[in-house]
Each structure stands twice: as C-alpha cells, then as structure tokens.
Amino acid sequence: QEISSIFYLCYLNKFNKFLSLAIHQEKNNNDNNKNSVFTIIDIHDLVKTFINILKIYETNNKSFSIFHSNIISTYFNKSIILMLTFLKDIFFTKLIFFDTHNSETKNNTDNNLKKIKNLNRVCHILCLFVSSFKKLQIHDNLINNSTSTLFYQIFGSFKNYLYKNYEHLFSNNITNKKDCVNILNIIFMINSLNSNK
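The sequence shown runs contiguously to residue 1439 in our numbering.
It is worth saying that the hints were derived from the structure and are not from the lab.
Note that this is a predicted model, so its numbers are computed, not measured.
All C-beta atoms in this analysis are idealised placements derived from N, C-alpha and C, irrespective of residue type, glycine included.
Careful, some of the hints might be misleading.
[Said to hold, decoys possible] Pair ranges (Cβ atoms, derived):
(1) K1304 with S1373: 12 to 22 Å
(2) S1434 with N1407: 18 to 28 Å
(3) L1355 with C1252: 22 to 32 Å
(4) N1407 with I1282: 11 to 21 Å
(5) Q1379 with I1248: 22 to 32 Å
(6) K1359 with I1248: 34 to 44 Å
(7) K1359 with Y1394: 39 to 49 Å
Produce the entire structure from the sequences given, and follow the hints as far as they go.
So, in structure tokens, the structure goes:
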C-alpha cells in the first residue's frame, strides 16, 4: 500500500486524535468494564488498524520525504505511546477483569478451555504488534528511548500476568497446543526482546 509522507502524517494525526479521545472517554467512564465505550471486538479492530499503520510505515519509509522524516518520527512515537496507554489502561485491564471475575466457572474445564482459546486469539494480535514494533526498532531515530522503555514495561507486566495465571500451559496437560500457541509465543517474544535490549 503506497502512500506519500504528507498523507501518512495526516493519517497518523487523525488516528492519534481518535485514540486520545477514546482513552479520555474510557478513563472518564465510571465503570470501565461494565459500561465500556468499547467492546472486545472494537478493541481487536483498533489494535489491528494500528498494526496496519505500522506496516504502512515499514513499506513506505524509504520513499518518504526526508523533510517529513523528523515530523513523522514525532507523530509515530506519539501513536505508539497512545496505543501502549490504550493497551495498558483499557485492553489489558478489560482482559484481566473478565479473566479474574469469572469465579463461578473457574473449576469448569470447558469454560477454562474457552477462556484459553479467547486469550490465544488476543495474543495472536499482540504477537503481530510486537513483531512489527521489533522490525521498526532497527530504523534509526524512529522509536525513541522513552517509547521503547514504556513498551518493555507494559508488555513485561502483561507477560508476568500470563506467567502467574497460565503457568500450567507450559506443562503437557494441554491436549491441543494450538489452543495456546500464541499465549506461549507472546511470552517468548517479550523475553527475546528483553534479552536483546
């Protein structure tokens, strides 16, 4: 998907404004989990849209105007920070809320498997995000240190949550490993990123 630097800047600016407004509205909501502005499907679509924005940069960065490169970097870092804030304050918060407030089905094997499958789908999207972020880190002066630090903090915290609550997935008790492959992948990807810092 080819796009000029000026249109990419407009795209980033509009996305940043939308995401900033979404975070503000969600934070002002009295009960983020029950009366959320976003459904889980909305959140998935928003993260997928952002991954597409990352891919557009990856495809077009060599053709972008040198004049616009510093401006793009500024807007780009703002986009990543907003998305990380969105993940931490809304996506992960909602995910953990549904996970931990499902006490009536905690001992039900079918419901536990369903929960793992849902989390596995979420982690598939997150794997795409982490993979795109990793590729973009090699571009000089694109992602600044504070953005990278925030990324490691937020995903490190999420990884610790997965370790704590889904440690049993590392055993051989799961009959179908494809039901949890993305959960395991996101943990390994984050570990790999941390070890290469």
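Could you work out which earlier hints the structure fails to respect and list their numbers in ascending sequence?
3 and 7
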